[in-house]
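Can you build the whole structure from these sequences, using the hints too?
Protein chains in written order, with my numbering: chain L, 57 to 342; chain X, 57 to 342; chain Z, 57 to 342; chain W, 57 to 342.
Fair warning: there could be bad hints in the mix.
[To be verified] A few chain W residues facing chain L, derived, Cβ under 10 Å:
(1) Gly-70
(2) Leu-71
(3) Asp-73
(4) His-77
(5) Ala-84
(6) Asn-85
(7) Glu-88
(8) Gln-90
(9) Asp-93
(10) His-94
(11) His-334
[Unchecked claim] Below, a list of computed lysine to any residue pairs in the SDA-like style, where the Cα atoms sit at most 20 Å apart:
(12) X:Lys-142 <-> X:Glu-126
(13) L:Lys-300 <-> L:Asp-311
(14) L:Lys-127 <-> L:Gly-70
(15) Z:Lys-300 <-> L:Leu-99
(16) L:Lys-300 <-> L:Ala-264
(17) L:Lys-300 <-> X:Val-337
(18) X:Lys-300 <-> W:His-94
(19) L:Lys-300 <-> X:Gly-339
(20) L:Lys-300 <-> X:His-332
(21) W:Lys-127 <-> W:Thr-80
(22) Z:Lys-300 <-> W:His-332
(23) L:Lys-300 <-> Z:Asp-213
(24) L:Lys-142 <-> L:Arg-110
(25) Z:Lys-300 <-> L:Glu-97
(26) X:Lys-142 <-> X:Glu-171
(27) W:Lys-300 <-> X:Ser-130
(28) W:Lys-127 <-> W:Arg-117
(29) W:Lys-300 <-> W:His-332
(30) Z:Lys-127 <-> X:Gly-83
(31) Z:Lys-300 <-> W:Asn-285
(32) Z:Lys-142 <-> Z:Arg-169
(33) Z:Lys-300 <-> L:His-94
[As the list claims (entries may be wrong)] Have a look at the derived ranges for each label pair, beta carbon to beta carbon:
(34) Z:Asp-137 <-> X:Pro-66: 19 to 29 Å
(35) X:Met-299 <-> Z:Gly-298: 50 to 60 Å
(36) L:Pro-192 <-> W:His-260: 55 to 65 Å
Derived by calculation from the structure, the hints in this document are not laboratory data.
By construction, the Cβ of each residue, glycine as well, lies at the ideal position given by its N, Cα and C atoms.
Protein chains: 4
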Amino acid sequence: MQITISAVGPDNRGLADPIIHYVTGQGANIAEIQMYDHDEECLFAMLLRIELARERYEPLRAAMRAIGDEKQLSIRVWSPDLRPGKPRLAICTTLRPETPLALMRAIRDGRVRAEPAVMIGNRPTCRSLAEQFEVPWHCVGDEQGVVNDEELVAIFDQYEVDYVILARYMRVLSAAACWKYAGGRIVNLHHGLLPSFPGMRPYHEAYAARMLTYGATCHFIVPELDAGNQIIYQSTFTVPPGMKLDEILRRGQEDNEPHCLVEGVRRVVEREVQLHFHRVVAGRMA
Amino acid sequence: MQITISAVGPDNRGLADPIIHYVTGQGANIAEIQMYDHDEECLFAMLLRIELARERYEPLRAAMRAIGDEKQLSIRVWSPDLRPGKPRLAICTTLRPETPLALMRAIRDGRVRAEPAVMIGNRPTCRSLAEQFEVPWHCVGDEQGVVNDEELVAIFDQYEVDYVILARYMRVLSAAACWKYAGGRIVNLHHGLLPSFPGMRPYHEAYAARMLTYGATCHFIVPELDAGNQIIYQSTFTVPPGMKLDEILRRGQEDNEPHCLVEGVRRVVEREVQLHFHRVVAGRMA
Amino acid sequence: MQITISAVGPDNRGLADPIIHYVTGQGANIAEIQMYDHDEECLFAMLLRIELARERYEPLRAAMRAIGDEKQLSIRVWSPDLRPGKPRLAICTTLRPETPLALMRAIRDGRVRAEPAVMIGNRPTCRSLAEQFEVPWHCVGDEQGVVNDEELVAIFDQYEVDYVILARYMRVLSAAACWKYAGGRIVNLHHGLLPSFPGMRPYHEAYAARMLTYGATCHFIVPELDAGNQIIYQSTFTVPPGMKLDEILRRGQEDNEPHCLVEGVRRVVEREVQLHFHRVVAGRMA
Amino acid sequence: MQITISAVGPDNRGLADPIIHYVTGQGANIAEIQMYDHDEECLFAMLLRIELARERYEPLRAAMRAIGDEKQLSIRVWSPDLRPGKPRLAICTTLRPETPLALMRAIRDGRVRAEPAVMIGNRPTCRSLAEQFEVPWHCVGDEQGVVNDEELVAIFDQYEVDYVILARYMRVLSAAACWKYAGGRIVNLHHGLLPSFPGMRPYHEAYAARMLTYGATCHFIVPELDAGNQIIYQSTFTVPPGMKLDEILRRGQEDNEPHCLVEGVRRVVEREVQLHFHRVVAGRMA
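Quick look at the structure:
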């Protein structure tokens with residue numbers, strides 16, 4: 057069974073050793089290790105992907121819990137192979153309702169085979185959406201929409217989510233939060249074509265470049281900004297010369313972005329794609 | 057009647073004065089003037105767009121011919137409003153036959169309302185295409201495919217073409233050639249999305265960036281590289297994760313690029329777009 | 057004598073005709089014409105550079121004043137060859153005092169041969185600097201530092217400045233203001249190396265890219281963003297690995313930027329560089 | 057003692073397990089693990105940085121040799137703390153002699169404390185340089201200058217070099233070669249400012265952007281292109297407007313590049329900088 061272990065701690069002394077020592081002692085095959093050291097923010101993290109017999113999963117969880125308690129590490133153990141039912145999603149929102157609405161409808165209609173475990177906003181705007189689909193709602197932002205990411209991750213943990221979906225959630229996740237759900241569990245919708253238009257205003261930038269093609273990108277979030285693009289799906293639309301930016305924005309936000317997110321999430325929950333050494337690969341890994 | 061005058065000469069002393077003096081003396085309204093000075097290559101050029109009564113067109117041509125002879129300037133006078141029949145095209149090719157073939161078929165079937173006046177290659181590869189559609193053929197390249205652009209422009213002049221279509225023509229037109237047919241008369245197909253992928257290998261670059269969207273761009277050529285993008289049409293296609301570059305290239309070259317060029321040329325010959333102060337604008341200008 | 061005429065108006069009907077008609081009628085040699093059409097903002101502009109006998113300068117000014125009044129155009133006539141004394145500068149500031157202070161000292165000590173005609177701030181911060189050097193001071197910003205550019209240009213006009221120096225002035229000049237002082241009369245200090253680091257936070261971006269070289273760029277402002285770089289002077293400094301951003305900022309702001317602006321302004325007022333068809337060229341033009 | 061282990065193999069099954077198992081069994085502290093999977097080229101690699109008591113170094117080497125033989129892995133063990141004398145350099149060249157010449161002189165004069173163990177060219181051009189300084193010379197290129205990187209690495213191994221210096225060596229090292237000497241042992245001189253000018257013709261590109269600043273960058277090579285910049289030293293020079301490209305090239309190649317490489321190599325051999333989780337950090341690591 058494929059198992060992902062993520063560990064985050066305040067220094068890199070002894071972060072890797074006890075975990076690696078345990079899993080090699082259990083006869084696990086190590087498929088991938090990534091270690092990082094954000095010295096400036098005192099953040100040290102490791103991602104471990106291993107193959108281990110299913111019956112050793114629970115003992116592994118217990119051992120990791122013990123190591124975490126002893127060494128003051130935040131450790132998570134997860135396997136996409138474990139859950140019997142549908143994958144559980146946390147859907148994070150800010151202001152725009154189109155993409156979370158489209159995702160909820162696709163789940164309701166069976167086009168995306170997943171369980172909407174919780175809907176979260178750093179603004180209250182999408183609360184009615186959660187009520188409409190009878191999904192638990194948490195507002196995590198303060199009056200300026202600023203989020204305590206530890207609280208956010210605690211909600212992910214509480215609802216035992218498999219994947220986190222950022223549906224035009226307009227805040228940058230902290231590196232620590234990314235690491236805690238590392239390994240291809242955080243899916244973002246970016247409202248421009250990556251890597252060409254990475255900023256906060258991709259429509260405006262493409263418009264300023266006088267483009268006639270606009271797009272959206274559904275991708276995995278990885279903690280390291282330098283790690284390149286982990287694109288799951290991209291969709292585009294074409295406009296005639298002279299179309300005003302307002303109309304382009306409307307088409308993008310109401311039509312193209314919702315489609316892009318739904319198809320991207322579908323690929324992830326169906327496990328048509330996975331994250332493998334920072335790259336998106338097709339198909340299930342052996 | 058809208059008239060475009062282009063003038064190219066070896067120095068900028070007295071390039072503009074006689075032409076401007078004549079047209080203002082004729083009571084023309086000046087809609088646009090662009091002057092450039094490529095000092096490093098001793099190339100000086102001017103583009104003038106004016107409104108003038110139709111009956112003054114022929115005297116203007118004669119006067120410009122006289123000024124050109126006297127001042128050693130290469131002057132061209134052209135109006136999109138003049139020709140009674142279909143616009144005449146020069147179709148320039150190198151190796152890939154897909155885009156010129158698609159354009160010839162679209163013309164034959166009436167989807168693009170134009171006259172293929174001449175087909176040109178800097179390689180002999182597309183000659184059979186010209187023969188198939190019974191269009192005059194000129195091979196302008198030497199053994200390495202290098203082109204004398206003065207010879208190329210002489211062919212454009214000889215066939216009295218209205219527009220020059222670069223159908224995966226893989227050589228850079230000299231600035232002088234661009235100026236001689238300036239004002240929105242040269243249309244290029246670029247096999248990547250502009251401005252993001254401007255180079256010679258846009259498929260490879262998008263692939264290296266792990267994109268799942270590929271595109272092509274049909275645009276006007278303007279002489280100045282800094283002038284921004286003059287995009288007439290862009291089209292894209294989406295691929296699943298894991299598709300090999302060979303297959304992506306095949307889809308792009310055989311399907312997306314031909315579609316992109318045909319739609320772009322259609323927009324130009326129908327005058328749905330025009331070049332106006334280096335920008336593509338929709339609709340006919342008053 | 058070289059003369060620059062700039063004209064700005066609300067539409068492009070009849071913008072160019074009367075001006076061009078007059079100057080060609082006076083026997084002027086036209087060295088450069090640039091016309092632009094910002095249709096979206098209803099801004100139409102022309103820059104004309106001509107050679108004309110000195111005795112025709114005053115009649116030209118009068119004629120242009122009459123045309124401007126009649127046609128509702130904002131026309132300015134200027135010649136770098138006219139003024140008997142030192143070139144007059146408007147020095148625009150926001151918060152940082154280092155660059156205007158360095159420039160004032162260089163003028164006082166005779167290293168930059170210019171007259172500080174007026175100092176302007178969109179914030180009151182640099183007022184004491186103006187008082188120290190006994191230069192007239194105008195604060196043009198509202199409470200948020202927002203500037204009415206027509207008021208700003210009126211001050212330039214009132215003080216009959218030859219050049220406008222943006223000394224870490226942190227507001228973007230409107231296109232209309234740029235056109236009114238077009239032709240190489242507006243000099244900006246950008247606190248990063250252009251074109252690589254064009255944004256508002258070039259130190260932060262170079263730091264994020266882990267560079268060990270930081271720089272500043274003194275350049276002419278031209279109205280068109282696509283027109284490329286008009287660099288007058290660039291200077292850099294090198295830091296050892298591990299230097300903190302705070303210390304880098306300090307070195308850049310207190311040492312490198314002031315040096316860069318002073319040398320750039322010196323080159324301009326000495327006419328070692330000029331703007332010629334959007335490019336910086338060395339030496340005086342014939 | 058800090059020890060670096062690099063391992064390269066043809067698949068990722070069992071690449072990491074035996075090595076990690078051994079070192080954790082020896083009580084090593086794991087400071088850094090990087091694993092990579094270049095599936096397209098069937099290249100799997102790991103970099104391990106550990107702390108281990110000095111007396112366990114030789115047993116570790118022997119054990120790694122045994123694992124390498126058994127598992128068909130190419131394993132290298134290296135410690136910057138081990139060698140009693142000066143660090144040994146392999147200096148790789150192509151055509152330009154300025155940078156290797158400057159480095160040889162700096163070594164001869166004691167400004168760079170290193171041993172030039174071997175000089176290598178993929179072209180014969182710099183052979184006389186090796187002869188002049190009585191350094192062993194190997195020409196590794198075929199008639200087109202193409203290099204078999206396994207042969208190249210074998211020379212590094214044969215001469216037991218600590219660092220590989222690419223002194224305007226104009227070929228891209230294969231990913232496998234980079235991994236075999238991973239961990240901050242390969243130093244390159246790039247003849248432009250990174251990250252702004254990464255291509256093969258950085259002078260030409262900066263010139264086309266009309267810059268007045270040119271630079272060179274000395275940096276560590278890391279196998280992953282996405283990993284960002286590992287800059288050791290950058291140096292620049294400024295030119296006046298109007299300087300021709302030929303003269304700029306001359307200044308850059310004859311003066312700035314040699315200085316940049318010498319200072320960069322000095323920092324590396326003095327261990328003023330080290331590579332730590334893909335980043336250059338100042339000072340020796342504890």
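Hints, verified against the model:
no.: 1; hint: Gly-70; in the structure: 7 Å, holds
no.: 2; hint: Leu-71; in the structure: 8 Å, holds
no.: 3; hint: Asp-73; in the structure: 6 Å, holds
no.: 4; hint: His-77; in the structure: 5 Å, holds
no.: 5; hint: Ala-84; in the structure: 8 Å, holds
no.: 6; hint: Asn-85; in the structure: 6 Å, holds
no.: 7; hint: Glu-88; in the structure: 6 Å, holds
no.: 8; hint: Gln-90; in the structure: 7 Å, holds
no.: 9; hint: Asp-93; in the structure: 4 Å, holds
no.: 10; hint: His-94; in the structure: 9 Å, holds
no.: 11; hint: His-334; in the structure: 8 Å, holds
no.: 12; hint: X:Lys-142 <-> X:Glu-126; in the structure: 33 Å, violated
no.: 13; hint: L:Lys-300 <-> L:Asp-311; in the structure: 17 Å, holds
no.: 14; hint: L:Lys-127 <-> L:Gly-70; in the structure: 8 Å, holds
no.: 15; hint: Z:Lys-300 <-> L:Leu-99; in the structure: 18 Å, holds
no.: 16; hint: L:Lys-300 <-> L:Ala-264; in the structure: 11 Å, holds
no.: 17; hint: L:Lys-300 <-> X:Val-337; in the structure: 12 Å, holds
no.: 18; hint: X:Lys-300 <-> W:His-94; in the structure: 15 Å, holds
no.: 19; hint: L:Lys-300 <-> X:Gly-339; in the structure: 14 Å, holds
no.: 20; hint: L:Lys-300 <-> X:His-332; in the structure: 17 Å, holds
no.: 21; hint: W:Lys-127 <-> W:Thr-80; in the structure: 19 Å, holds
no.: 22; hint: Z:Lys-300 <-> W:His-332; in the structure: 17 Å, holds
no.: 23; hint: L:Lys-300 <-> Z:Asp-213; in the structure: 36 Å, violated
no.: 24; hint: L:Lys-142 <-> L:Arg-110; in the structure: 19 Å, holds
no.: 25; hint: Z:Lys-300 <-> L:Glu-97; in the structure: 14 Å, holds
no.: 26; hint: X:Lys-142 <-> X:Glu-171; in the structure: 6 Å, holds
no.: 27; hint: W:Lys-300 <-> X:Ser-130; in the structure: 29 Å, violated
no.: 28; hint: W:Lys-127 <-> W:Arg-117; in the structure: 15 Å, holds
no.: 29; hint: W:Lys-300 <-> W:His-332; in the structure: 41 Å, violated
no.: 30; hint: Z:Lys-127 <-> X:Gly-83; in the structure: 18 Å, holds
no.: 31; hint: Z:Lys-300 <-> W:Asn-285; in the structure: 17 Å, holds
no.: 32; hint: Z:Lys-142 <-> Z:Arg-169; in the structure: 6 Å, holds
no.: 33; hint: Z:Lys-300 <-> L:His-94; in the structure: 15 Å, holds
no.: 34; hint: Z:Asp-137 <-> X:Pro-66: 19 to 29 Å; in the structure: 27 Å, holds
no.: 35; hint: X:Met-299 <-> Z:Gly-298: 50 to 60 Å; in the structure: 44 Å, violated
no.: 36; hint: L:Pro-192 <-> W:His-260: 55 to 65 Å; in the structure: 59 Å, holds
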